[in-house]
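Trainee: Single-letter residue listing:
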Amino acid sequence: MNASSSAVLGAPATSAPASALLATRDLTVSYGAKEALHPTSLSFRKGEVTAFIGPSGCGKSTLLRCLNLMNREVVGCTMGGRILYRGRDILAPDVNVYELRTSIGMVFQQPTPFRLSIAANVAFGPRHHGLAASREADLVERALRRAALWDEVKDDLKKSALALSGGQQQRLCIARALAMEPEVLLLDEPCSALDPISTFAIEETIRDIAASGVCVIIVTHNMEQAGRVSDRCAFFYLGTMVESGPTLELFNAPRTQRLSDYLTGRFG
Amino acid sequence: MIAGLAGGGRGTAARRRPLPKAQLEKVGIGVTGACVVLVIVLVATLIVMVCGQGLATFTVDGVDPWAFLTGTVWNPHASAADGQPLMGALPMIFGSFAVTLLSCAIALPVALCLAIFMVELAPEIGRTYFQPVVELLVGIPSVVYGLVGLEVVVTWTRSWAGGTGYGIFSASIVLAVMILPTITSLTVDALAAVPDAWRNGSYALGCTKWQTIRSVVVRSAIPGILTALVLGMARAFGEALAVQMVIGNAAQIPASLFELAATLTSILTLGIGNEASGTVYANALWSLALVLLVMSLAFILIVHLIGKKEEVTDG
Ligand SMILES: Nc1ncnc2c1ncn2[C@@H]1O[C@H](COP(=O)(O)OP(=O)(O)O)[C@@H](O)[C@H]1O
Ligand SMILES: [Mg+2]
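Taken in order, these protein sequences are the chains called A and B.
Adding 122 to a residue's 1-based position in the first sequence gives its number in the working numbering.
Adding 22 to a residue's 1-based position in the second sequence gives its number in the working numbering.
Don't read these hints as lab results, they were simulated from the structure.
Where a beta carbon is used, it is the ideal one built from N, C-alpha and C, also for glycine.
Incorrect hints may have been included.
[Said to hold, decoys possible] Calculated from the model, a selection of chain B residues having no Cβ within reach of chain A, i.e. all distances over 12 Å:
hint, residue
1, Val-58
2, Trp-220
3, Gly-228
4, Ala-272
5, Leu-292
6, Ala-320
[Stated by the list, open to error] Think about it this way: if two alpha-carbon atoms lie no more than 20 Å apart in a straight line, the pair counts; the simulated DMTMM-like pairs of lysine to aspartate or glutamate are:
hint, chain 1, residue 1, chain 2, residue 2
7, B, Lys-231, A, Glu-258
8, B, Lys-231, A, Glu-221
9, A, Lys-276, A, Glu-263
10, B, Lys-231, A, Glu-195
11, B, Lys-331, A, Asp-278
12, A, Lys-168, A, Asp-310
13, A, Lys-168, A, Asp-211
14, A, Lys-168, A, Glu-303
15, A, Lys-280, A, Glu-258
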């Protein structure tokens with residue numbers, strides 16, 4: 123959607139513009155001895171939606187889990203290279219991962235509401251980071267509104283979150299992440315377990331969240347979805363970032379044979 | 023337990039048997055049905071018998087049920103001034119509840135810490151070392167616990183609390199050790215059943231490991247932990263031998279945890295061998311058994327209610 127930014131994604135470190143909020147520089151990930159992600163350099167900016175596309179097993183989730191250091195919870199996983207967040211390398215040993223994750227939120231493939239009430243689910247993060255109880259109701263409402271769930275659940279806030287439908291649960295998880303007021307929101311195939319109507323609702327939500335200034339990164343194996351929600355795209359194949367750029371450009375004029383094969387459905 | 027037995031034994035029909043399928047079907051239904059009927063008859067007989075004998079105290083011997091439950095003097099051989107037998111079961115009811123609650127209060131926190139260690143902190147060590155030990159502890163006969171309790175716990179209690187060393191305190195310690203493996207292994211199951219996705223969801227919100235354990239893992243596992251606790255209580259409430267060896271067996275409400283006391287089970291096992299059936303004393307003992315049975319059914323009912331509630335919130 124933003125033609126002037128075509129050089130940003132995948133640009134080398136030295137020329138990364140100041141507007142890049144988050145960037146990877148020659149980032150690699152290994153599980154044990156096996157390198158699952160080969161050196162990757164990408165930049166992500168506020169207010170934009172970036173989609174990771176590619177066949178399954180190509181390393182999209184692996185890269186996404188680096189960005190909030192969730193890979194630290196995976197046994198045997200090591201990361202190399204650099205990840206710059208606000209210009210600072212978050213792979214440095216002195217970085218507080220818990221604090222980092224309060225500003226880089228994540229939503230998983232399967233909706234994961236806790237066995238708590240709807241309101242308690244949304245307030246879960248803030249409560250553990252010292253939110254005053256008096257502000258809780260406001261915050262819950264705002265997060266649920268941003269996730270486009272408020273109207274459906276406003277009378278049932280005390281009810282169990284597990285009673286919601288799959289699509290509602292996923293939007294609740296988005297609201298739960300938004301309650302932390304993150305600068306970056308990571309979504310790993312958030313719609314793969316959902317029906318088309320829920321999927322559409324979540325795509326709308328994602329556009330709104332980006333419009334409010336959040337840097338959104340979404341993994342998807344669905345080309346149409348990437349086309350609908352993303353401003354920029356990065357295509358992965360067998361652990362390598364093959365091509366990246368504005369979504370429209372990438373889809374209309376792929377530079378590599380691999381991507382053009384993938385787009386025409388020859389594999390994947 | 024009844025439901026478990028009734029549900030078992032389905033689908034035993036194997037292929038390549040000489041009997042035709044339809045006939046095999048009938049045999050299968052016949053065999054499993056017979057087992058179900060057998061179990062139902064057994065349970066029904068048990069309940070009818072305990073109720074019949076236990077109620078004889080009130081119907082035949084004319085004891086007032088309220089006086090039975092609240093009276094504090096237990097001497098069924100003797101009669102009070104009004105001619106009623108002295109049959110107050112309160113000391114035993116009190117003793118049973120006291121040792122049950124106290125032993126659970128001791129065992130639950132330890133079991134919870136053990137389970138957290140085994141599931142969350144060191145699953146490798148938990149699986150290789152703790153799991154077999156816990157399983158071994160479950161299988162040790164209660165008389166062994168009683169013997170060790172008599173030698174170690176009673177002696178130790180006497181050394182610092184004075185008195186005989188017998189009493190509710192010693193009984194609770196012995197029971198706590200006995201029910202610890204049960205509560206631990208069921209709590210381990212409950213914690214392990216919490217999906218990893220919930221842990222990751224919590225980490226992704228910037229929560230630490232301890233925050234995650236407290237607010238997500240243990241919290242989500244509460245129904246399972248309660249089930250573990252109630253089953254532990256049922257075991258403690260029903261245990262006879264080990265308790266009888268360390269509690270002192272005096273049918274009185276003790277003034278402290280270190281005085282002689284008694285439980286329903288200990289008085290029952292001590293008395294039942296010495297009485298001809300049909301006597302007032304024997305009937306009184308059956309009434310104690312009735313109280314035990316009702317309480318056990320209550321424990322099972324609670325477990326089922328917890329299970330139901332869990333299903334509802336999961337739905
Ligand atoms: N926890 C893990 N341990 C070992 N290998 C893993 C793990 N997670 C992913 N991988 C491997 O890394 C590669 C990339 O996986 P992933 O990032 O999940 O792919 P995608 O999300 O694109 O489908 C795959 O070959 C996968 O087998
Ligand atoms: Mg994936």
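Trainee: Each hint should be assessed against the structure and marked as holding or not.
Mentor: Hint check results:
1. Val-58: holds (34 Å)
2. Trp-220: violated (6 Å)
3. Gly-228: Check fails; 4 Å does not lie beyond 12 Å.
4. Ala-272: holds (47 Å)
5. Leu-292: holds (46 Å)
6. Ala-320: At roughly 26 Å from the nearest Cβ of chain A, Ala-320 of chain B sits farther out than 12 Å, so the non-interface label holds.
7. B:Lys-231 with A:Glu-258: The given pair, whose Cα atoms are some 23 Å apart, is violated under the 20 Å limit.
8. B:Lys-231 with A:Glu-221: holds (13 Å)
9. A:Lys-276 with A:Glu-263: holds (8 Å)
10. B:Lys-231 with A:Glu-195: Given that 20 Å is the threshold and the Cα spacing comes to 10 Å, the pair holds.
11. B:Lys-331 with A:Asp-278: holds (18 Å)
12. A:Lys-168 with A:Asp-310: Judged against 20 Å, a Cα distance of about 18 Å means the pair holds.
13. A:Lys-168 with A:Asp-211: holds (18 Å)
14. A:Lys-168 with A:Glu-303: Distance ~13 Å between Lys-168 of chain A and Glu-303 of chain A Cα, so the pair holds.
15. A:Lys-280 with A:Glu-258: holds (13 Å)
Checked against the numbered hints above, the structure breaks hints 2, 3, 7 and satisfies the rest.
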